[in-house]
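*Asks:* In the order they appear, the protein sequences are chains A and B.
Residue numbers are given in numbering that gives the first Met the number 0: position 77 of the first sequence equals residue 76, and the series is strictly consecutive.
Residue numbers are given in numbering that gives the first Met the number 0: position 162 of the second sequence equals residue 161, and the series is strictly consecutive.
Simulated from the structure, these hints should not be mistaken for lab results.
Note that the structure is a prediction, hence the values are computed from the model and not measured.
Where is the CB? At the ideal position from N, CA and C, for every residue including glycine.
Hints are not guaranteed to be accurate.
If you only want the chain B side, here are some residues facing chain A, beta carbon under 10 Å, derived [to be verified]:
no.	residue
1	F9
2	R23
3	Y44
4	L104
5	A113
6	G130
7	I134
Next come the chains, spelled out residue by residue.
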Amino acid sequence: MPAAVPLSWYLVLSAVLFSLGVAGFFFRRNIITMFMSIELMLNAVNLSFVAFSFQLKQVSGNIFAFFVMVVAAAEAAVGLAIILTVFKNRATLNVDRIDSMKY
Amino acid sequence: MTDTVLFYVFALLVLGGGVLTITRKSAVHSAIYLIISLIGVGGLYLLQQAEFLFAVQIILYVGGVMLLFLFVIMLVNLEQAATERQFNKQWWIALACVLAVGAELAYVLYRGAAAFQFARPSETPPAPGMGNTEILAQVLFSEYLLPFEVASVLLLVAVVGSVIMAKKRI
């Protein structure tokens, strides 16, 4: 079956989504929203993995996207535990106020 | 034709959800819009015949990771966080960084195929009658067995680590 949607569309979509994730990570100050932006970036990368895998008929892209998801799940669990601990100790979610390592 | 229409629908879900995720003030709204965006990505997986990844996306991301996010949002004090400023003071540095990343990606995409070194398409197309999940399972449990086991150990470490970190007293 010929691919109806060309590869470049997926790549452009993935690039835009990745840039959105970068923008969210840089602009937001709420640590939970920053974390969500990281998930956006991971999904953008997964999207291009799957697009290449489909167009080149290689199954390894799918496998790699699967491993990225596994690592993202582990990262989310540990990261959210860290956020909870930080909130318990500092009573804030604003990253500007979590700056004891800055000075 | 159907594929193109579906691509546009899912791309709209993905991008609309993404934009709303990073602009909404409330973290709960952000999480809901992120779920919409993730479902859109899952639809794009389905469009590319990656049924297994679609199922994993729904179960693991929408059902697991985002549920975890919502629980953590419930555990922390959001009223106070919502009254604070949501956006960075150094917005021009952030804007410069985002533009740099965007320009880099745009340059690579503009160069097109010359910018990449493509792998050769697989000479042996997968056996007909085998679904995507079946092929993935065969490859995962033969060629990629060691990474698979390492991933399971990583998940175990993550579970133990998050439990210890979230405990009241270590």
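*Asks:* So, for every hint listed, does it hold in this structure?
*Replies:* Now the hints, each set against the structure:
Checking F9(B) against chain A: minimum C-beta separation of about 9 Å stays under 10 Å; hint holds. For R23(B), the interface hint holds, the least distance from its beta-carbon to any beta-carbon of chain A being 8 Å, beneath 10 Å. For Y44(B), the suggested interface contact is upheld, since its CB lies about 6 Å from the closest CB of chain A, less than 10 Å. The criterion of a C-beta within 10 Å of any C-beta in chain A is met by L104(B), whose closest approach is roughly 4 Å, and the hint holds.
Proximity of A113(B) to chain A is violated relative to the hint, the smallest CB-CB distance being about 13 Å (cut-off 10 Å). Below 10 Å, beta-carbon pairs count as interface contacts, and G130(B) has none with chain A, the closest being about 12 Å; its hint is therefore violated. With its C-beta approaching chain A no nearer than about 6 Å, I134(B) sits inside the 10 Å limit, and its interface hint holds.
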